[in-house]
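We have chain L already, so just place chain S on it with the hints.
There are 2 protein chains.
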Amino acid sequence: MIENLLHRNDSKILLIVLDGLGGLPVKDGKTELEIANTPNLDNLAKVSALGMHIPVDYGITPGSGPGHLGLFGYDPLKYQIGRGILEALGLGLEVRHTDIAIRGNYATVEYVNDRPIVKDRRAGRIPTEENRRITKKLQESLREIDGVQVIIAPGMEHRVAIVLRFPEELPEGSDEINDTDPQEVGKEPLKPVGRNPNAERVARVVEKFVEKVSQLLKEEPKANYLLLRGFAQKPRIPTMEERFGVKPCCIAVYPMYKGLASLVGMDIIKFEGNTIQGEINTLKKVWSDYDFFFVHIKKTDSYGEDGNWEGKVSVIEDFDRHLPQFLELKPDVLAITGDHSTPSKLKGHSWHPVPLLINSPYVLGGTSERFTERECLKGELGILPAQKIMNLLLANALRLKKFGA
Amino acid sequence: MIENLLHRNDSKILLIVLDGLGGLPVKDGKTELEIANTPNLDNLAKVSALGMHIPVDYGITPGSGPGHLGLFGYDPLKYQIGRGILEALGLGLEVRHTDIAIRGNYATVEYVNDRPIVKDRRAGRIPTEENRRITKKLQESLREIDGVQVIIAPGMEHRVAIVLRFPEELPEGSDEINDTDPQEVGKEPLKPVGRNPNAERVARVVEKFVEKVSQLLKEEPKANYLLLRGFAQKPRIPTMEERFGVKPCCIAVYPMYKGLASLVGMDIIKFEGNTIQGEINTLKKVWSDYDFFFVHIKKTDSYGEDGNWEGKVSVIEDFDRHLPQFLELKPDVLAITGDHSTPSKLKGHSWHPVPLLINSPYVLGGTSERFTERECLKGELGILPAQKIMNLLLANALRLKKFGA
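Protein chains in written order, with my numbering: chain L, 67 to 471; chain S, 67 to 471.
Keep in mind that the hints were calculated from the coordinates and are not lab data.
Each residue gets a CB set at the ideal place from its N, CA and C atoms; glycine is no exception.
Among the hints, a few may not be true.
[To be verified] Stretch-level coverage of chain L by chain S, calculated; a stretch enters the list once three of its residues show a Cβ under 8 Å from a Cβ in chain S: (1) 112 to 124; (2) 309 to 318; (3) 411 to 418.
The shape of chain L in the complex, shown without the other chains (with noise of 0.2 Å):
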């Protein structure tokens, strides 16, 4: 509905992302964020409105994609990025509308009666050098198929990511193709076939391309086939200018958040090193050029999949101490969350809901002593789903008029 409520002014709107950001009691029954000394997080939250959002629903534990589509406003439900989309996303290539994203796995055959029968579905996990190498060979023969584009990226260990770019914009439906992996070992890979004229169309390209890989690969000892799975088309989705009226930009070092962010229309910053400093300085340098902008800290999240409480502390004391220079540049909004929780002691992304900070002139505040999940819990936002956010910072950037008289 706030479609027909927007507003546009000057007002400025900073997201920042602690990847993977809620936590669980790790030690002496405190999380994370409990235990980190976070004194310009525990300032900045005595003035704030605090919350936690639930990602998905009740209970459901996000990936990064619904996560983060979730924060930007959308209906992760309604919004569903395949995962072939996503994977390439991750490998930092780009997607568009005439392309078809597929998840590759190198895999190890033998050939009875010539036939190919699966062997080892990960190709004993190569390494992520070997990987490289026969992607490399690949690229530099396979560039092209029937006019439609081919383009690899490796992965890590037996994974990559495969773009068909076709010469034209694909209609919806044309990524219907089944997985080619047979998911057991000792069974012939599946034919590639299309749920429909379109997808069919697709197909017989993604038999050729299996093909033509195949032959490359022959003389690998591993690495001598490569099973599909996944075929996806860039979604459709409305853009953040379109829904919400801002102009938002992405400061990110992970290629997958990169990705995400570009969905929805935000403009990508190019920048150099991977430090919470580094992005600041960019942000710096883009501030008078947009008025939303989504910075994403990854390491959080990593810490947490490593079951390593000290290193996720540890990210969360290095974005406090950088918490200043983000206050500096003076957002009229400012929000601080995840786009999920990954708590260490789950060594994985959960269900649980994500601590969040919001900070303007038109809070309440005054709820709570510091920025963690027990303290949010006392806030003014309450439990909310994450959808709901993106209104709350539009309403506080004033950039929302009312609705009926």
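Positioned in the frame of chain L, the structure of chain S alone reads:
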């Protein structure tokens, strides 16, 4: 959506429902839960996730049907259970997809020109003993009509439940038949009419049933007629196994709750007695046979309905004394809650949110000192719809995969 995220493991989930648990201040500003001396619940509450659940909607007072369906993870607005079905389940009758279940009231009629005119819609609220005698007479003389089996069970005072069991499954809508109770004295009972051809077929059997009953009861001084209401078929509800991938069982004393549990596909464990200790002994016996256990404790509601807050407090304290035995079973996830509130002050079900406790290794905890309405409000679960509880139980049992990548 969680149907696609299910991941079975060998975890065990224990859901204990203290019927009508929530209350209102009854003495010194304290609720029944606040007055009760509950050292074991207090200790558990300190390390658990707490919150309040709303069974159906803000301000809505649920009956037992919607109250329990919500707890079992079903939308109580989508899956509505007909009155006749609840009456039959409450009196311990089995219901099948071949059946029409009906609520009956013994009534007094006077015959004017051979037509029955209602003099008392409740036959002067005859004693239950009288009801049993009359119902037994009907049971013995009226076992079948045109191949349709007739099953009658006596309730309290003038109430009975009737099940008409057809030889084959009835199509949906076969229960769309008007009540025969004219709702006023001085009027003739209404003729049962089906609102569609399938219901009309049933209505003709009902008409014969009413005729035969009135012949059999003709000489009764008071209960010489039977008025019928709430024609209902067994609802078509997917089982908990289908929806949530659990193998569930029910341990309850009262027929209504066993019946509700059977509607969602729980196995009903038979046992002797009506004490919490009896329920625990039974639970221990079947602990290795299931992975989802619904234990129902009735008396909190019964005393609440009577306005007997001391009685309700004593049941809560009795449960508290037994809590360690439940904990000894080491469920992976333990939930303690009610199906609705029954404040002694209101002497009936109410719309108030219901205290909820979830314990697992993956909760925050440390928010509250006790398991009471006011302490649950401080908890990490906030105020949530009852039908989301099942998501949380599955998540805490690590039975839900990540949504999206």
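Now for the hints, and whether the structure bears them out:
Counting residues of the segment 112 to 124 of chain L whose beta-carbon sits less than 8 Å from any beta-carbon of chain S gives 4, enough to reach three: the coverage restraint holds. Counting residues of the segment 309 to 318 of chain L whose beta carbon lies closer than 8 Å to any beta carbon of chain S gives 0, which falls short of the minimum of three for the stated coverage. Beta-carbon proximity to chain S at under 8 Å applies to 7 residues in the segment 411 to 418 of chain L; the threshold of 3 is reached and the given coverage holds.
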